[in-house]
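**Student:** In case you want the letters, here they are:
2 protein chains.
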Amino acid sequence: MDVQPPQVLKTPLQVPRKTLMGPGPSNCSPRVMNAIGQPILGHMHPEIFKIMDDIKEGIRYVFQTANPLTLVVSTSGHGGMEAVLCNLLEPGDTALIAINGIWGQRAVSMATRYGARVVTLETEVGNNFTLAQIENAVHKHKPTLLFVTQGESSSGVYQNVEGIGDICHRYGCLLAVDTVASLGGVPLFVDRWGIDAVYTGSQKVLGAPAGLAPISFSPRAQERIFARKTPVKVLYWDMTVLGDYWDCFGRSRVYHHTIASQLLYGLREGLALVVEEGLENVIQRHQDCAQRFYQGLDKLGLQLFVEDEYKRLPTVTSITVPDWVDWRDVVAYAMKNHFVEISGGLGPTVNRVFRVGLMGYNATQDNVDLVLRVLGEALHYAQGVQRSKL
Amino acid sequence: MDVQPPQVLKTPLQVPRKTLMGPGPSNCSPRVMNAIGQPILGHMHPEIFKIMDDIKEGIRYVFQTANPLTLVVSTSGHGGMEAVLCNLLEPGDTALIAINGIWGQRAVSMATRYGARVVTLETEVGNNFTLAQIENAVHKHKPTLLFVTQGESSSGVYQNVEGIGDICHRYGCLLAVDTVASLGGVPLFVDRWGIDAVYTGSQKVLGAPAGLAPISFSPRAQERIFARKTPVKVLYWDMTVLGDYWDCFGRSRVYHHTIASQLLYGLREGLALVVEEGLENVIQRHQDCAQRFYQGLDKLGLQLFVEDEYKRLPTVTSITVPDWVDWRDVVAYAMKNHFVEISGGLGPTVNRVFRVGLMGYNATQDNVDLVLRVLGEALHYAQGVQRSKL
Chain B
1 MDVQPPQVLK TPLQVPRKTL MGPGPSNCSP RVMNAIGQPI LGHMHPEIFK
51 IMDDIKEGIR YVFQTANPLT LVVSTSGHGG MEAVLCNLLE PGDTALIAIN
101 GIWGQRAVSM ATRYGARVVT LETEVGNNFT LAQIENAVHK HKPTLLFVTQ
151 GESSSGVYQN VEGIGDICHR YGCLLAVDTV ASLGGVPLFV DRWGIDAVYT
201 GSQKVLGAPA GLAPISFSPR AQERIFARKT PVKVLYWDMT VLGDYWDCFG
251 RSRVYHHTIA SQLLYGLREG LALVVEEGLE NVIQRHQDCA QRFYQGLDKL
301 GLQLFVEDEY KRLPTVTSIT VPDWVDWRDV VAYAMKNHFV EISGGLGPTV
351 NRVFRVGLMG YNATQDNVDL VLRVLGEALH YAQGVQRSKL
Chain H
1 MDVQPPQVLK TPLQVPRKTL MGPGPSNCSP RVMNAIGQPI LGHMHPEIFK
51 IMDDIKEGIR YVFQTANPLT LVVSTSGHGG MEAVLCNLLE PGDTALIAIN
101 GIWGQRAVSM ATRYGARVVT LETEVGNNFT LAQIENAVHK HKPTLLFVTQ
151 GESSSGVYQN VEGIGDICHR YGCLLAVDTV ASLGGVPLFV DRWGIDAVYT
201 GSQKVLGAPA GLAPISFSPR AQERIFARKT PVKVLYWDMT VLGDYWDCFG
251 RSRVYHHTIA SQLLYGLREG LALVVEEGLE NVIQRHQDCA QRFYQGLDKL
301 GLQLFVEDEY KRLPTVTSIT VPDWVDWRDV VAYAMKNHFV EISGGLGPTV
351 NRVFRVGLMG YNATQDNVDL VLRVLGEALH YAQGVQRSKL
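Sequence lines, in order, name chains B and H. The letter at position 181 of the first sequence is residue 181 when you use UniProt numbering, and the numbering goes up by one with no holes. The letter at position 225 of the second sequence is residue 225 when you use UniProt numbering, and the numbering goes up by one with no holes.
Treat each hint with caution, since some may be false.
For identical chains, the list gives no copy identity; a pair is met inside one copy or between any two copies.
In silico lysine-lysine, DSS-like type, Cα no more than 30 Å apart, as pairs [what the hints assert, rightly or not]:
| id | residue 1 | residue 2 |
| --- | --- | --- |
| 1 | Lys-311 | Lys-299 |
| 2 | Lys-140 | Lys-229 |
| 3 | Lys-389 | Lys-336 |
| 4 | Lys-50 | Lys-336 |
| 5 | Lys-50 | Lys-18 |
| 6 | Lys-10 | Lys-50 |
| 7 | Lys-18 | Lys-229 |
Derived from the structure by calculation, the hints contain no laboratory data. Small disclaimer: the values here were computed from a predicted structure and weren't measured.
Looking at chain B on its own, in the form it has when it is part of the complex (with noise of 0.2 Å):
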């Protein structure tokens, strides 16, 4: 052998066990943890096509849409956002993107890499979009493709989406929208808000383990999707063949990849605890715990980075960083002594914002006490460590 075998792999593998309370993933139930564990199954076998029989009909009641064409996606939520627009998207179209945070920037490169032309619509981060924006956006650019973010995990800002697709269908546009960190913590409704493709990820409201990204396009993407002129850049992604594996189209199932069983397993098993408790429940405890948080956050001093409540994500809260602190000695105390994570800002928030997540399992009141508690204590550290810089 001319490598020699590693020192590293010759321990065993250990994990701590943290309360993850950043913008995701979020800890598991324990009924999801069990079923990660089950037996592998093959990608072909009649019983792994029954899970994915059962996700579908669990992804189509999560974003409350009858479209055929939902699945899952073998990718992290980054992959989601990628399949929506390397199939909707080839050279020569114009795809609009509103841009309040770091996912908008992120669309704007993956679209620019699949040959659109890109034109933005942006905001300061914080904020978001209102329909007579959008409108003009859409009227001036007549773009192909809208894409917008449900959930601006980066800023803790949420978009309302209701009226969008009606604009857009005026134009001819196509709308696709990121529910990766709001699906769960605030109303969707795929079908009778017209959305034309969207997505989301597994590891948040949903409650599973990261790995796989839920995906759902509407008839009329559908059938954009298989009238291009070009082949979709991304076999891998291709909903042309990839609907087939998933029996999309009521054609024969066929082999498209070596799908993860594990995390099949997981997912399904989120779904049945959001089916279990009623998707209207599950948001109304994610918007409970929300309001418990701003008020014990009002109490120990601290400002929501977003001032107007209705443009809050319940799901993932920023708040402004005080300027009595250095935020990394905040969120390093509270790993370090309670295992309880809080997370810095991302993207073009870094510095400016805590982020704290309250989403599926660990969306309960306990957590929001928890997380209260950790993070009062944090802050009253970290001001103790910048006193004494002084």
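We have chain B already, so just place chain H on it with the hints.
**Tutor:** Just chain H now, kept in the frame of chain B:
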């Protein structure tokens, strides 16, 4: 709600326990199964970075390479192929693809989508390529990239790779090798043999669940990627940014996507088991199992699809379907009565072969004997079915 909660998700998950003796996925060891149930970690936690570093060392060992750009792509093996091609090809490049089964066919589809001019070197299914054939094709087409499959799992064919790197480099061509089905069953020396890009899957000899693709690029390939005139089409697989998340360039870690911690745990422990046993011993074990299996098949009066022993892949054995049975009866009998998976063909070998995988945790003499016993019984049954139709 417009869409009601689906009934199918009101019952809990049920998963049967099977012995997966097809061409992958294989069963995982108890150590690996235990690992994937460990607590979830965030994608930017120090502990996950340590696990990723351990995995990089393990991958360098199994690939026998010192390549700095060695990491894991969060996709199935299919995604590994696509990640290699989208990083190394740009519009106008010429890709030479060796086709002797389904994987070469797939590579053609992908390379075409990424804008390359694709030329092929083809041989009949069940055969492989000589160095002379390869040199002639490289000389003729002057490609920028040659793609070969070391283990063609659709036909059970092994391709010698030693010597191909030298040929490629004489003509200024990079060499990409698919080792999804072969790694750990036959020797592979990425550096010694001058391989520029290589990938495998987690779910075969490495004995981890499906969903991850270990990948490595030579310094020569890395240079090519950084010198591209156009961005890599797929941001999810763009090595210039994903390489930073995996700390391959000695710069700081940058968030790229939310990695599936559970799958990393499984792969880390799968690699640790290879380290514990020793790579040479792992390879020997697979070759011993294959020999025992060939002898048993001979006793059953079955013909191997690949006649020349030096062209056979020890990890996946293809067996000619005798004309006195319907292969579906055999496969169904084994599953129904013994929960043992024996596969049919794939792509060009459909209806022509059975495929039996002896990989990773499943590559034991006991499993060889089990699959032989079940196969014999199933053939007897299927022969009866055929007779009853006469």
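**Student:** All the hints need checking, so say for each whether the structure fits it.
**Tutor:** Comparing the hints with the structure gives:
no.	hint	verdict
1	Lys-311 x Lys-299	within (21 Å within a copy, 73 Å between copies)
2	Lys-140 x Lys-229	within (25 Å within a copy, 32 Å between copies)
3	Lys-389 x Lys-336	within (21 Å within a copy, 71 Å between copies)
4	Lys-50 x Lys-336	between (43 Å within a copy, 17 Å between copies)
5	Lys-50 x Lys-18	between (33 Å within a copy, 16 Å between copies)
6	Lys-10 x Lys-50	between (39 Å within a copy, 14 Å between copies)
7	Lys-18 x Lys-229	neither (49 Å within a copy, 44 Å between copies)
The structure fails hint 7 only (numbered hints given earlier).
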